[in-house]
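Undergrad: Position chains C and X against the provided structure of chain G, taking the given hints into account.
Okay, here's what each chain looks like letter by letter:
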Amino acid sequence: MHRRELTVRTSGRGFLELTKEVASVVHDSGLADGLCNVFVPHTSASLLAGENWDSSVRRDLEAFMSRLVQDGDPRYEHDTEGPDDMPAHIRTMLTHSSIVIPVAAGELQLGTWQGIYLWEHRTTPHERRVLLTLW
Amino acid sequence: MHRRELTVRTSGRGFLELTKEVASVVHDSGLADGLCNVFVPHTSASLLAGENWDSSVRRDLEAFMSRLVQDGDPRYEHDTEGPDDMPAHIRTMLTHSSIVIPVAAGELQLGTWQGIYLWEHRTTPHERRVLLTLW
Amino acid sequence: MHRRELTVRTSGRGFLELTKEVASVVHDSGLADGLCNVFVPHTSASLLAGENWDSSVRRDLEAFMSRLVQDGDPRYEHDTEGPDDMPAHIRTMLTHSSIVIPVAAGELQLGTWQGIYLWEHRTTPHERRVLLTLW
Numbered sequence: 001m002h003r004r005e006l007t008v009r010t011s012g013r014g015f016l017e018l019t020k021e022v023a024s025v026v027h028d029s030g031l032a033d034g035l036c037n038v039f040v041p042h043t044s045a046s047l048l049a050g051e052n053w054d055s056s057v058r059r060d061l062e063a064f065m066s067r068l069v070q071d072g073d074p075r076y077e078h079d080t081e082g083p084d085d086m087p088a089h090i091r092t093m094l095t096h097s098s099i100v101i102p103v104a105a106g107e108l109q110l111g112t113w114q115g116i117y118l119w120e121h122r123t124t125p126h127e128r129r130v131l132l133t134l135w
Numbered sequence: 001m002h003r004r005e006l007t008v009r010t011s012g013r014g015f016l017e018l019t020k021e022v023a024s025v026v027h028d029s030g031l032a033d034g035l036c037n038v039f040v041p042h043t044s045a046s047l048l049a050g051e052n053w054d055s056s057v058r059r060d061l062e063a064f065m066s067r068l069v070q071d072g073d074p075r076y077e078h079d080t081e082g083p084d085d086m087p088a089h090i091r092t093m094l095t096h097s098s099i100v101i102p103v104a105a106g107e108l109q110l111g112t113w114q115g116i117y118l119w120e121h122r123t124t125p126h127e128r129r130v131l132l133t134l135w
Numbered sequence: 001m002h003r004r005e006l007t008v009r010t011s012g013r014g015f016l017e018l019t020k021e022v023a024s025v026v027h028d029s030g031l032a033d034g035l036c037n038v039f040v041p042h043t044s045a046s047l048l049a050g051e052n053w054d055s056s057v058r059r060d061l062e063a064f065m066s067r068l069v070q071d072g073d074p075r076y077e078h079d080t081e082g083p084d085d086m087p088a089h090i091r092t093m094l095t096h097s098s099i100v101i102p103v104a105a106g107e108l109q110l111g112t113w114q115g116i117y118l119w120e121h122r123t124t125p126h127e128r129r130v131l132l133t134l135w
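Protein chains in written order, with our numbering: chain G, 1 to 135; chain C, 1 to 135; chain X, 1 to 135.
Treat each hint with caution, since some may be false.
Computed footprint of chain X on chain G; a stretch qualifies when at least three of its residues, placed anywhere within it, have a C-beta under 8 Å from a C-beta of chain X [to be verified]:
hint, stretch
1, 22 to 36
2, 46 to 52
3, 56 to 64
4, 92 to 101
5, 104 to 111
Estimated spans, in silico, between C-beta atoms of each pair [what the hints assert, rightly or not]:
hint, chain 1, residue 1, chain 2, residue 2, range
6, C, Ala104, X, Thr124, 41 to 49 Å
7, G, Thr124, X, Asp54, 40 to 48 Å
8, G, Thr123, C, Arg75, 33 to 41 Å
9, X, Gly14, C, Ala63, 26 to 34 Å
10, G, Ser11, X, Gly30, 45 to 53 Å
11, C, Ser55, G, Asp71, 20 to 28 Å
12, C, Pro74, X, Gly30, 45 to 53 Å
13, X, Pro74, G, Arg129, 32 to 40 Å
14, X, Gly12, G, Arg9, 41 to 49 Å
15, G, Asp54, C, Arg129, 37 to 45 Å
16, C, Arg75, G, Arg75, 20 to 28 Å
17, X, Gly14, C, Thr123, 25 to 33 Å
Just so you know, these hints were derived from the structure itself, not from any lab.
Please read all numbers here as calculations on a predicted model, not as lab measurements.
Cβ atoms here follow ideal geometry from the backbone N, Cα and C, with glycine treated the same way.
This is chain G alone, in the form it adopts within the complex:
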């Protein structure tokens, strides 16, 4: 079992692709066949396994999410850290904190157009940790 922690700096709300970083950890580990768990220990950032060819897809995903979960909705009771505080928790709930990806012949078995993204849901930059475990 190999473990590795990535620390990334987000530039506010949006996607940060991690596919190369995760693949690099897989290569460094020497793992031939197995699995890789990607885990985000945050409640206002999450994971997406999504289309990584056309950036318009991510813009549309973000726009859809912004319409579904409105910032500053007066019905939110929790707004300690601002109008994007509660929406960030809801967006995390609707997406993923862990994804388990197969590894074969030393390569992540993602689809041809599938990438792994950290999704920052807060509007301001944050430092985020991503915990990778391979076995």
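TA: Relative to chain G, chains C and X alone:
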């Protein structure tokens, strides 16, 4: 590999925190480094890895979900068990049946404000099983 | 560790139950106790662990999702492959690319009414891969 089944009694729709129970199973197992899979074998209850400091967050998550997935919507074909029957299946679909959490030095690697919750989606109390597997 | 790849042909948007196929792979593997990761390497098809008794549940899940994520919404920037292109990516984001299911005594520990489904989000038939890993 260690397995353990928790059985909990919910008091109707809402969140039941399992963080301490899961941590306790990890401690009892003697596992130092590895992973813990949390699995809910139900289709009207699910898992959340969410903010566990301020209870207003859970009230807002529940309120958001209630607005998104309306009870008793006449467009539902399936209502055998009442107005909350189909919404419970939709809520489960939108959240999680399994979450895989890293364990290091005998501790679940959850974030500082991150807890594990069972989310009961039915309005009446139910007995729910939670399957933990550590390796 | 056992790995197996299923290739299925969908008939357009909707659910394809995989419970028997996955159980069959578990049986063939000889695994008594462990876990099974189900992974979909696509960005417009995903997984559901949902009610498998009454087919009206799946019709309602599909109808809910169609109302939530509208085909042909003019606000989508990405529509290269048609009005169901971007909705398929959003639906995948809101559901699951990986699910980890416990195995005990050679049987998947799904709930009594819980089945594993591939959810095709495109309106036209597609060939889809499902990667199973048991350990």
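Undergrad: Would you mind marking each hint as holding or not holding in the structure?
TA: Quick rundown of the hints versus the structure:
1. Counting residues of the stretch 22 to 36 of chain G whose CB lies closer than 8 Å to any CB of chain X gives 3, which reaches the minimum of 3, so the coverage claim holds.
2. Restraint check on the stretch 46 to 52 of chain G versus chain X: 4 residues with Cβ-Cβ distances below 8 Å, three needed, restraint holds.
3. Here the stretch 56 to 64 of chain G counts 7 residues with a CB under 8 Å from a CB of chain X, which clears the bar of 3, and the coverage holds.
4. Remark: the stretch 92 to 101 of chain G is confirmed as covered by chain X, as 6 of its residues place a Cβ nearer than 8 Å to a Cβ of that chain, reaching the required three.
5. By the rule of at least three residues with a Cβ nearer than 8 Å to a Cβ of chain X, the coverage given for the stretch 104 to 111 of chain G holds, with 4 such residues.
6. For alanine 104 (chain C) paired with threonine 124 (chain X), a C-beta distance near 46 Å keeps the hint of 41 to 49 Å intact.
7. In this structure, threonine 124 (chain G) and aspartate 54 (chain X) meet the distance hint of 40 to 48 Å, their C-beta atoms being roughly 46 Å apart.
8. Separation of threonine 123 (chain G) from arginine 75 (chain C) is about 35 Å and conforms to the stated range, judged on CB atoms against 33 to 41 Å.
9. Checked against the given bound of 26 to 34 Å, the beta carbons of glycine 14 (chain X) and alanine 63 (chain C), roughly 31 Å apart, stay inside it.
10. The supplied range of 45 to 53 Å is met by serine 11 (chain G) and glycine 30 (chain X), whose beta-carbon atoms lie about 49 Å from each other.
11. Here the CB-CB span from serine 55 (chain C) to aspartate 71 (chain G) is close to 22 Å, well matched to the stated 20 to 28 Å.
12. Taken as a hint, the range 45 to 53 Å holds for the pair proline 74 (chain C) and glycine 30 (chain X), whose Cβ atoms sit roughly 50 Å apart.
13. Between proline 74 (chain X) and arginine 129 (chain G) the C-beta distance comes to about 39 Å, which sits within the given range of 32 to 40 Å.
14. With their beta carbons about 42 Å apart, glycine 12 (chain X) and arginine 9 (chain G) fall inside the hinted range of 41 to 49 Å.
15. For the hinted restraint 37 to 45 Å between aspartate 54 (chain G) and arginine 129 (chain C), the CB-CB distance of approximately 42 Å keeps it satisfied.
16. At about 23 Å, the beta-carbon gap between arginine 75 (chain C) and arginine 75 (chain G) stays in the expected band of 20 to 28 Å.
17. For the hinted restraint 25 to 33 Å between glycine 14 (chain X) and threonine 123 (chain C), the CB-CB distance of approximately 29 Å keeps it satisfied.
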